[in-house]
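Chemist: Start from the sequences, fold in the hints, and give me the full structure.
In order, the protein sequence lines correspond to chains A and B. The first sequence runs 12 to 256 under the numbering used here. The second sequence runs 173 to 615 under the numbering used here.
These are calculated hints, taken from the structure and not from any lab test. Note that the coordinates shown come from a computational prediction; the quantities given were computed from them, not determined experimentally. Every residue gets a Cβ at the ideal spot worked out from N, C-alpha and C, and that includes glycine. A couple of the hints might just be wrong.
[Claimed, not checked] DEER-style ranges, computed between Cβ atoms:
#1 B:614 <-> A:36: 47 to 57 Å
#2 A:213 <-> B:206: 30 to 40 Å
#3 A:200 <-> B:528: 47 to 57 Å
#4 A:194 <-> B:375: 55 to 65 Å
#5 B:455 <-> A:225: 38 to 48 Å
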Amino acid sequence: MRKMLIIGATSAIAQATAKLFAQQGDALFLVGRDADKLEAIAADLKVRGAAKVVYITLDLNEFAQHADLIEQAYTRLEGLDTVLIAHGVLDNQITGQQDYAKAEQTLRTNFLSVVSLLTLIANRLEKQHYGCIAVISSVAGDRGRQSNYIYGSAKGALSIFLQGLRNRLHSANVCVLTIKPGFVDTPMTVDFKKGLLWAKPETIAQGIYRAIQKRKNTVYLPWFWWFIMFIIRNIPEFIFKRMKL
Amino acid sequence: MHNTYYSWGNFPPASQQIYPLRWRNKQLALPEPSLTVLPFGLGRSYGDVCLNDGGALLLTRELNRFIHFDNDNGLLRCEAGVSLAEILALGVPQGWFLPVTPGTQFVTVGGAIANDVHGKNHHCAGTFGRHVVQFELLRSDGERLLCSPTSNEQYYAATIGGLGLTGLITWAEIQLKRIYHRAMQMEAIKFANLEEFFEVSAQSDQYYDYTMAWVDCNSSGTELGRGIFFRGNHVKEEEIPKQWQLPLLNRLPPGLRTMPIHLPNFALNRWTVAAFNSFYYKRQKSKNINQLVDYEPFFYPLDAILEWKRLYGKRGFLQYQFVVPYTDHRVITEILQTIAQSGLSSFLAVLKTFGDLVSPGILSFPRPGVTLALDFPIKGAHTFELLERLDNMVSEAQGVVYPCKDARLSAHHFQIYYPQWHELAKYLDPRFSSSFWRRVTAK
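Modeler: Structure follows, in structure tokens:
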């Protein structure tokens, strides 16, 4: 039985992933902002077979609360071996370009808050010599594009942070998984026009579940994004800068 | 956001705004007051009861959380967007089955209530609505009504079979049924004509929880109304073979048939349909086959072909299901003759007797009698004319047609079939409407 902490538990991808772990009879500790939503999710996960479901509400931008959050997870679950970090915001690129305060907010939520959480989590898992940390980054972090480079740079920085953390924790038997979803049909992307490349949160959740089981390093979800991003990363910059992406 | 959502019959086309719902305990976000709304689950209704052309659809599929499951008594509370497939996936391994299920498991609980669906066990269990203990109805003014046979009874009766027009069902509580294994004891019996059908049916309803028959709609003369009668029960505790016992409850045991009915995927026309139906009848050599099958192929043979509606091509198809009182076997014969003469083939025809258990909904379709379900590829005005003729025959025989499968019923016939629609109208939510409702209540 896993003892799993899920941060950003009301996100569509986190919800779908939590269902899969609940079916295995794992114990889950959920963190989100909205108590009504967490209550609905917790009841569902219990019916689906979770050994235990506990939730707390927290605004993750209050970094001072992070230590207490991790402490509570350890106490309530009587230990901790798996962490999924799924919170994030997708703000409007244009607003961020014009107003640094907005850009900073994107960076704080998507990058700095995760660094704060992972610092606390990594130190504890390193000491106990087992565990798995899975973090949702994005294909947007693979290369900067004019349409969303603020969000992209937060996710890119996050991916590099995770690379380093993986390198550090490898000897402590702790795996670090970087999850890079492509376009996912969730409330976060409700205003986008959907096409062939769009995936359901359930599909992404299956991929995350398998990657955690297999202790993978980096996964693109669905798999074909590896191929798309391979091409995008390898377009020479003198061409890339002229493209409307 | 505008989007094109179709019903299962791919007809009629409709254009509507889309409002995905995600949380049962949050306020209902509605479009501007000029637009009406209609809940939309998995879109398995055949016609336009699930469409709202020019209005908005409230997508309920993400309200798919369980709320509570009392495993000792089989009482399940869940959000209205949970599918019957999800309930089976949860319940069957723990020995609980749906009290009533239609021919597909890909419908939502909300849709099953709104259409007060029935199944092969109507003669002993009645409709789905009879097993709904209670539900919450969220009205457009924000009021939340707890509905049960003893609380807000009028809204309970109006919402069951109420075609989604009385407000949004946010969650429901359902009484599940005890089973000991996922396997079914099934028997298939050939019958040569309608006389024989009624004989087998009368013998079977007493001993079998599930009965229905497939009818060859393309035969005529002395072969008119030939077909195969299916009857079955969940296996009883003492009948479970040793190698299948409890740990295997959620796995397919060895030797269990997975697919008794194979459907061809060639284009449908009157010759191929006639040939298929004839082949299907003759394939069964013996009069009587007795075997154990898994519940999935027994209840949901068509679910194995996910998008089977595509067999009919883009023009879509029409379903026609009616029930007429018992006394009139004659009507069924006449209708089968009319179809055979028209040259319009029904690919699948399903015949069943309904029992006399009362449906709880004001507008519920099932009532004592014989029901026949047919489907027709849309071949222009000819098809619509045939169904209009059938309407005349059904209404003359005091029968009714099933709204959930309809896309073309005239207001005239609807109001003859369901004079109680005025009663339902009192409980409609003023912001809710559907393409179907506007059509059949037009002056």
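Chemist: Does the Cβ-Cβ separation between residue 213 of chain A and residue 206 of chain B fall within 30 to 40 Å?
Modeler: holds (35 Å)
Chemist: Taking the Cβ atom of residue 194 of chain A and the Cβ atom of residue 375 of chain B, is their distance within the range 55 to 65 Å?
Modeler: holds (58 Å)
Chemist: Range first: 47 to 57 Å. Now tell me if the beta carbons of residue 200 of chain A and residue 528 of chain B are that far apart.
Modeler: holds (52 Å)
Chemist: A range of 38 to 48 Å was offered for this pair. Does it hold for the Cβ distance of residue 455 of chain B and residue 225 of chain A?
Modeler: holds (46 Å)
Chemist: Does the hinted range 47 to 57 Å hold for residue 614 of chain B and residue 36 of chain A at CB?
Modeler: holds (55 Å)
Figure legend: structure checked against the earlier numbered hints; every hint is met.
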